[in-house]
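Enquirer: Letter by letter, the chains look like this.
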Amino acid sequence: MTDHDARIIVIGAGHNGLVCAAYLARAGHEVTVLEAAAEPGGAAVTREFAPGFRVPACAHLLYLLDDGIRKELALDKHGLRMARSGLVSIGLDPDGGHVRIAGASVGGVADADQEAMQAHHRRMRRFAHIIGRLHNRQPPRLGTTDRRDLASLARLALDIRTLGRTEMREFLRIAGINIYDVLQERFENPVLKGALSLDAVLGTFLGPRSNNSVFCALHRLSGGGDYALPAGGMGAVTAALASAAREAGAEIRTGSPVARILVDHDRVSGVELDDGEWLPAAKVVSSADPRATLHGLLGARHLEAGFAHRVGNIRMRGCAAKVHLALDGMPEFTGLDAAGAGERLLIAPSLEYVERAFNHAKYGEHSAAPVAEMTLPSLHDDSLAPAGQHVLSAVVQWAPRNLKQGWADARAAFLDTVIDTMARYAPGIREQILHAELLTPEDIERQFRITGGHWHHGELSLDQFLMMRPVPGAGQYATPVPGLWLCGAGSHPGGGVMGSAGRNAARAIVGSNRE
Amino acid sequence: MRTVRFDRRDHYRHKVFPSPFHARQQAHNELKVWSRWFDYLSVPAYTCAQMEYFAGRNACGVFDLTPMTKHRVSGPDALPYLNRLLTRDVGKIRPGRVGYSVWCTDEGQVIDDGTVFHLREGEYRICSQEHQIDWFLISALGFDVEVVEETHDVAALALQGPTSCATLKRMGLDGIENLTPFGLAHFDFQGTQLMVSRTGYTGDLGYELWIDPGHAEPLWNRLFEAGRLLGIKPMGSEALDLLRIEAGFILAGVDFMPAQQTVRPTHTRTPFELGLGWLVDFDKPVFNGRRALLAARERGPRYRLVRLDIEGNKPAHHSYVYSTRNKNIGWVTSAMWSPSAKANIALATVAAPHGEPGEEMRIEIYYQRELKWSRMMASARVVEGAFYDPPRRRETPPLDH
Amino acid sequence: MAKQYDAIVIGAGHNGLANAAFLAKAGLSVLMVEKNPYIGGASVSRNLYKDWIYSNCSYVCSLLRPEVYRALDLARYGLQVVPYGGSVTLTQDGDYLGSYIDPDASRREMARHSPRDADAEVRYWRDIMRQCRFIRQFLLRTAPDPTSFKPRDLLELLHLGREFWKLGESVMYDTMRFYTMSIVEFLDEYFEHPLIKAAHAGSGIIGSALGVMSPGTAYVLLHHAMGEVDGTAGAWGFARGGMGAIAEAMGACLRDHGGEIVTGSGVERIQVRNGRATGVALENGDEYTADVVVSNMTLPRTFLECMDPADLRPDFLTKVRNFKIRGSSGKVNIALDGLPQFTALRENRELMHTDMHLIDSVERLERAYDDWKNGIWSQDPYIDMLIPTLTDPTMAPPGKHFMSVFVQYVPPKVHGRDWTDADRDAFGQTVLNQIERYAPGFKNLVLHAEVRTPRELEAEVGLTEGNIFQGELTMDQLLFNRPIPGYAQYRGPVKGLYLCGSSNHPGGGVMAAPGANAAREILRDLRKPNTVPEGWLDD
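Protein chains in written order, with my numbering: chain A, 1 to 515; chain B, 1 to 401; chain C, 1 to 539.
Warning: the hint list may mix true and false statements.
Anything over 10 Å on all C-beta distances counts as not near chain A; from chain B, calculated [unchecked claim]:
1) 5
2) 244
3) 291
What the simulated footprint calls covered on chain C by chain B, stretch by stretch (three residues with Cβ under 8 Å from a Cβ of chain B suffice, anywhere in the stretch; the number is not a length) [as the list claims (entries may be wrong)]:
4) 129–139
5) 166–176
Derived by calculation from the structure, the hints in this document are not laboratory data. Only a predicted model underlies this, so the values are computations on that prediction, with no experimental measurement involved. Where is the CB? At the ideal position from N, CA and C, for every residue including glycine.
Given these sequences and hints, build the entire structure.
Expert: If you want it as C-alpha cells, here you go:
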C-alpha cells in the first residue's frame, strides 16, 4: 500500500473541513484539504468589499464555536482573539424604546417582563443544554441492537428525565412548537417578543408562528448564548483553524476546486480536480453541503435511488441575505448611544412584524419590511475600516433563494428596502453610505458553493435533526458509499460556526479505522 | 389507436375500457363474463377454463396481454440506469434478448418482478405487474435517460403451447423456429412492425406478440386463421393462472406483496426469500438494495417461498403450513391440482430455516363436499424447479408438436 | 334532598354521551346535563328552516371508533352510516380533480393531470396508512405519563416504545419526520402537480390554526385519514338523518341502561367540597350531587367558567389559560331550492355526491391562512362542501337540497374584537360569493342560510373560541401533552372530577374515543367492571 492510498482528502476548507482535517491529522492520518477559493475559510471569511473596508463575508458573529475544539486545537495560540465578547442584543424600536437583552437580564421593559425573562432564560438555557450535549456525540441509529446506539438514546432520555418532572413536562410540551405561542404566554413588551422571536428564525425558513422555531431558538442558545466578534473578523477563526490543521500535519491546497469524487467499483478512490488532476485517496471527507456532495460531486447514480431521492428532499432553501455597508462615519440610531451601536442590533420590533416579513418568503417574494441582525464590527476592531469610518454587517431576511421574479431584477429594489428599513432606526444612515453590497442567497450559493445558499447546509428543524440530519442513512457521517464521509454543517449538529460536525466526523472516521 | 384515453375528462363514465382486441374477445366470450385488469376488460374464461388450460398444454392458447404495465427506457444512460434499477446484470441482456428480473427498494425488498426486453441497442421495454413510473422516475435522477409508460401504446398477445411455433410459421413468420428462448425478433405485419419474443408465463413453448393497437384485430384474425387446424383457442386469465402455477412462477400481490404498496413493515420480501437470489448480481458496484441485500445474505432469509408437492388430491387453497412437529410455519399462496403433472401442488411462504428442498411439511386443508366442510392434514414435500417442465420449452427449433 | 347519582356527565355531545353510556352500562346511575334543549353538541341535526334538517356542526363521519359503535350497540339504537366515497377539488379555471370510489377511475383521473403523480399516490397512501396504523392502536388507550414511575405508566410507555420500534428503522425515521413536517413539505416528496398537492393539502389544515406550510400539519392530515367506514380505512360517510343520529343513538343507549338526561340548562358551577367534586349547580338553580363529575366541556370552559378559582391551583389555571384553542373555521348551512350547477361538473353529476373542495394551489390555501393571522376571515376562503341530500333522502323535501359548507379560515375574533352580526353576515356573503364563482346562479337557489362563525360555535355548542377539536392538535397538545402535561389521563385536578371531551387524548373529530377512555379510567377508579372495549387489533 502506497502512502497516497492511505490519504484522506477533505473537500472544502471551511471551519468544519479544517476542524475535521486537524483532528484527522492529529490522529496520524495523511490529510489533504482541497479548497476551491484562493484562501481557506469557506463561509467564515473576512474580505474587502470596498477599498479599505473589510467585513465578514457570510457569518459575522461567533456564538456556537465549541469550547473543546478551541482548547484542543489551541486556537488562541494560533492567533484567535476576540475583539469583543458578551455582546448585548438590542431590540430596536423605531421610537427609541429599545430593549437590551443581556442573557437573563433585560432592560427597557416592565418589571413583569424582567421577571418573566429570568425564568424564561433559565429554562431555555437548561433545555438548550440538552441539545448542546448532543452536539459532540455521533447521532444514534434507531432500530439497531448496537450497544452504543442504545446507550446514546438512553443518555438522551436520562438527560430529559433529570430535568425533573415539571421541567421535563415543559420541555416535552414546547420543544416541538413555535416561539410565537411560547412568547405570547410569557411576555408583554412587543419589542422584546420581536427580538426573542428573531433568534428563533434567523437563518431559517420559519416564521415565529411556524412550529420548530422553539427548537431553532434552543439550538442557537445551545453554545451558551454568548455573542462574540473575533478580532480580524470571522476569517480569523478559520485562519487559526488552518494554522492548527497545518501544524498537525494537514496539507491545505487552495485554488483547487474538486470537479468530482472518483469511484472505483463500489467505493471512493479519490477526487478529480477542475483542472483534470486525479488525486487518489483511501477516504474522502466532504464539508460541502450534502446535496452538492452526493448529487453533484459524487453523482446520484452512485447511490441507491431511495437514498438519492431523500437527498433531493433535504430542505435547503436559503433565505437570509447579507448586507454590507461602508459608512463615512458612525451611524446614529435614534435613542441609542455610541456604545449601544456596537452591540448586536436587531430589527424585529414585534412578533407580527417578523411574521409578516416571513409571509413573503412562502410565496417566493422578499420581505417588504425585512428583519435584520446588524453589527458594526469596526467599532471593536480598527483593522476593518479606515479611521473614523465604519462597516456595518447585517443578516437580512427574508430573501428566498428562488425569488419568483428572479434576483437580477429585484436586487436593487431589495437593497433599497433594506436601507430604508435601517434608516427608520438610524435616520441619517443613507447619506453615510460610501458603498453597499448585497449578497443574496443566490450570490452565496455561487460564491461559497452552498446549494440553495443556505448557511446551515439544510434547514435546522426537528425533521432534519440528529440521526435525520442530513438524511436517514447518512446521519452518522458515513455515506452509503464506502470511503465517502460528510463533515459539513449539513450533518449533525448543523450550522453556525461550531466545528462540531467536523470533529464528530473525524472521530467517526478514526473509529472506523480501528474496527 | 389507443382504446384508453386519460386526457378526456369524461373517462369516469367508464370504469373499465375495451382492449384493442375487444371485438374479437367479445365474439369468443361465450360465458359473457368479464373481469378487470387495471384499465381494461379482461376475460376470466371464454368457454371453460379447464379446456383453455389444456389448449395451452396440448395445442396453443391466446391470451390478451395488453393490460400489462409496459415502460420504455431509452437514452444514452439506459444501460447504467437499468443496472442501477434492477438486481441483475442488464449488460448481459444483449440486443434482441429478454431477461427476467426483480427490482428492490433501498431496503432490499422486492418492489415488483418483470421482463426486460432489449429492443435494440440502448432501448428497452420493461413489463411489470404493477404501475412503476413513480419509482422508475425517482430512480432516473442523475441519469441521462427517458422513461415513459407505454402500456396503452402497445397491444400484446401471448401465444402459448406446443403448436404455437407451428402456428406462427403458418402465419408466415419466416425463421421463427430459430428464435431461442428469451430471444426476440421483428417482422413486418401489414406494413407495421410486429415484435415476437419467445417468452411467456406458462413454462411451455410459447411466444408473446407485440404490435401497435391499430393492428390488433388483424393480428388476432391472422393468428386464429393460421392456428385453426392446430387447435388454437382464446385463453382466459383463469387458465393462465393454472399454467403459471404449474410452471412455478410467482405473481405480485398473490405470492408476494409489492413493497411500494405494503403497509405492514414485515410483510415485504427480499429476492432471496422469494427464491430469486439467482437474479441478484453482487458484482455490480451499485444497484437498489445492494447494501441491504448483502446484509440480508449474511443474516439469512426470514422466509422462504417454496414449491410443495402435497399428498392426496384436494387443492390446498389458503392453507396453513405446519412443520412435522406441528408448528405453524407459514401459509399457502397459490394452489391447484396439476392436470399435467398429476400432482397436488402449491406455492407457499414458510418461515426460515424451514423450506429446505426435500423437507417434509404438513398442510391443513379445508375442503367442501356438498356444502359440508372437512379438514385434513396432508403431508407435503418441498420440491425444486417447475412442477411441469416439458423439454419443448427449451428446444430450438421446436419440433412440430 | 335531590337524588344522589353515581356520576354526572356535563355536555351531551358525542363524547359525553359515549362516556355516560359506558358508565351506565357498568351499572352506575348516571345523569347527563345539557345546556341546550336538545342533545348532540357538535354532533347534531337541527331543523332550522321548514322541512330541512341540517347537520349544522360536524357533517361527515369516519373517525367514530367502530369499537364504540359496536359496544354501545348503536346500530340497534338506530344509527346508520352510509359511505359516500370520493371527493372533488374544483379549480378556478373550470377544471377539477375527482376522486372516485373506483380506484382505477381515481388513478386515471389523477393521471389526466399527472401520470407520475397517479402512481406516486400508491406510495403516498402506503406511507399515510403506515402512520394511521401506528396511531390507531393508541386511540382507545390512555396515554402514559412519561414523568411517572408508576408501573402502569412505565408499562404503557414501554408499549408505545415497542410499537414504535416494531416499525423498523426507516419507518421510524419517516414517522419522526412526519410528525414535524408541514403538509406541503410532505406532499412535495410525492407529487409534482399543484392541483394534486392542493387537493391533498386541505386535510392537513381542516380545523387547525395552522397553514399548509406550517410544520406540524402533516399530523393533522393523519387525524382526517385514520378513520374508516365498515373497515375501509380512510373512508367517510353520512350518518343517515344527519350527524344528530349519532348522538340520538348514544342517548337511546344511555336511557336504555337507566341513564337520565336533563336538557335546557347549562352548568353554573361544578361544586367542590373538601377538595372533592360533589355535583353541579345548574343555571336554572337546580342542583344535583354525585360521586363523580365528568366534564365533556372544553378545558377552558370547565375550569375558567364553571369552577370556583379558589378550588384550583393558580399554576394549573395559568396552564389552562395557555391552552391553545383558537378557532379557525366557520360553517354555512344552506337550504337549496335545487341542485347547483358547478361549471366544472356540468357533465359530471357523480362527483356532486362527494366531498367538494374549492382550491387549486397550496399557495392559495396559505394566503387564506395569512388572513386569519391578520385577524380577518379568509377573503379567498378554502371551502369543503357536501350535499348530503344526494345520498340521504331524509334531510330535505324531494328535489330540494341541504348543503353543508365548511369554511376555513375564520378567526375567533375580528381584528382583536368580538364578532358582530354585521361581520357574520359579511362573512356569509364572502362564502356565498366564493361558491357563486364556481357555480353561477348558485345564490338564486339559496332559500335559507345559517352562518356560523366561531362566535356562534362557542355560544351554541360551547366550543371555546370556536375550535372544532376542543383544542389545537399540535405537538404540545397531543398524547401525554393533551390537554396539558400531567393531566392527560382524564382525571381533573380535583378528586372525583374527570374530563371526557375532545380536549383530551386523542382529540377532536366525532370519534368518541376521549369519552370512552375517560369512562374506562373512571370505572377503574371506582373499581367497577370495565365496559369500554379495547381497540381492535390489526397485525
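Enquirer: When I compare C-beta atoms, does the region 166–176 of chain C have three or more residues closer than 8 Å to chain B?
Expert: With 5 residues in contact (Cβ-Cβ under 8 Å with chain B), the coverage given for the region 166–176 of chain C holds.
Enquirer: Hey, does residue 291 of chain B actually stay past 10 Å from chain A on C-beta?
Expert: violated (6 Å)
Enquirer: Is the nearest CB of chain A more than 10 Å from the CB of residue 5 of chain B?
Expert: The claim holds: residue 5 of chain B sits with its nearest Cβ about 31 Å from chain A, beyond 10 Å.
Enquirer: Quick one: see if chain B covers the region 129–139 of chain C, three-plus residues with Cβ-Cβ under 8 Å.
Expert: Answer holds; 3 residues pass the 8 Å Cβ test.
Enquirer: Examine each Cβ of chain A, and state whether all of them lie more than 10 Å from the Cβ of residue 244 of chain B.
Expert: holds (29 Å)
Hint 3 from the earlier list is the only one contradicted by this structure; the remaining hints agree with it.
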